[in-house]
Amino acid sequence: MYDEIKPDMVFICVPPDCHGEIEYETIRRGIHFFVEKPISLDIELSRDIATKVKEAGLITAAGFQCRYGTIIEPTLDFMKDNTIVLVEASRIGGIPDISWWANKASSGGMLVESTIHQLDAIRYLFDEPEMVYSLSTKGFVEREDYDVEDLTTTLIKFRNGALGTISSGCYATEGASFDSKITFSAKDKRGVHKIIGSFEVFEKEKAPAEGEESYVIQGDGALSKKAGVTTWEQDGDAGLPCDRTFVEAVISGDASKIRSPYDDALKSLIFALSCNKSMETGQPVKIEY
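Per this note's numbering, the sequence shown runs over residues 4 to 292.
Bear in mind the hints are in silico, worked out from the structure with no lab data behind them.
Hints may be right or wrong, so weigh each one.
Computed cross-link-like contacts, BS3-like style, restricted to lysine-lysine with a CA-CA straight-line distance of at most 27 Å [as the list claims (entries may be wrong)]:
#1 K270 with K197
#2 K141 with K209
#3 K260 with K270
#4 K197 with K209
#5 K160 with K280
These numbers were taken from a predicted model, which means no experiment stands behind them.
Given only the sequences and the hints, what does the whole structure look like? Please build it.
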């Protein structure tokens, strides 16, 4: 295909266990590439690919589109203005109707294949993890040809001293089962980030100043305030700017606006696979980038 089309750039979107030869051939030909997350299920493989990408001087991007959402900036502002002590995150859902997803050897399990979006968002918005300790459970999902965990919960120690937890489950049959979100807790307020959804800041309610409205909607409703809660709503699709930023970077030769190049996506993979390693060994795992 490469011989026939001679592309300037490619999008590599294959199951997690199929990475490797595709990337090596793409690098050998000097083709810039975008890769879907997770970028593989093998840390050493991805380390080697990252090294070869750097040596070849290629422009790369990974499919962490949540970094491009319109709610990212207000969340980053909240982080800058507050000291976060606790992070609590969750992603609870069902089993996608994809043949390879329910096979852990192919998908890596829900934490690696899906909840890696939350892990990546925590890294981008807050801090790098230093150590993880994960537990898992099975027996709540009745299904053939299925060997991933029904639920995992991970304790995270961050480099800045804060602690966090993240739960990832595919046992739910309805959205009412649980609320998927990331809560950043400061001393006097909290920020609740729902990836590609909304960002809310909860704080002590202040009496409105004389002549000030207690409920405010700004512009098209993307920002609203009421009773101690300020809400920013996601505007549009985050996937499109994620893809477009990569394409424009290749055209211009300027990759500075890409928020998740391959070498950074590798860190999110290491984060996720370290959680899997902790589940397998029953021991805390130090994050080593």
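task = Verify the proposed pairing of K160 with K280, using a straight-line Cα cut of 27 Å.
result = holds (16 Å)
task = With a cut-off of 27 Å on the C-alpha distance, tell me whether K270 and K197 pass.
result = holds (22 Å)
key: Proposed proximity, K270 with K260 (alpha carbon, max 27 Å)   = Judged against 27 Å, a Cα distance of about 19 Å means the pair holds.
message = Tell me if the straight-line CA distance from K197 to K209 falls inside 27 Å.
response = holds (25 Å)
Hinted pair K141 and K209, Cα distance within 27 Å = violated (46 Å)
Consistency note: the structure conflicts with earlier hint 2 alone.
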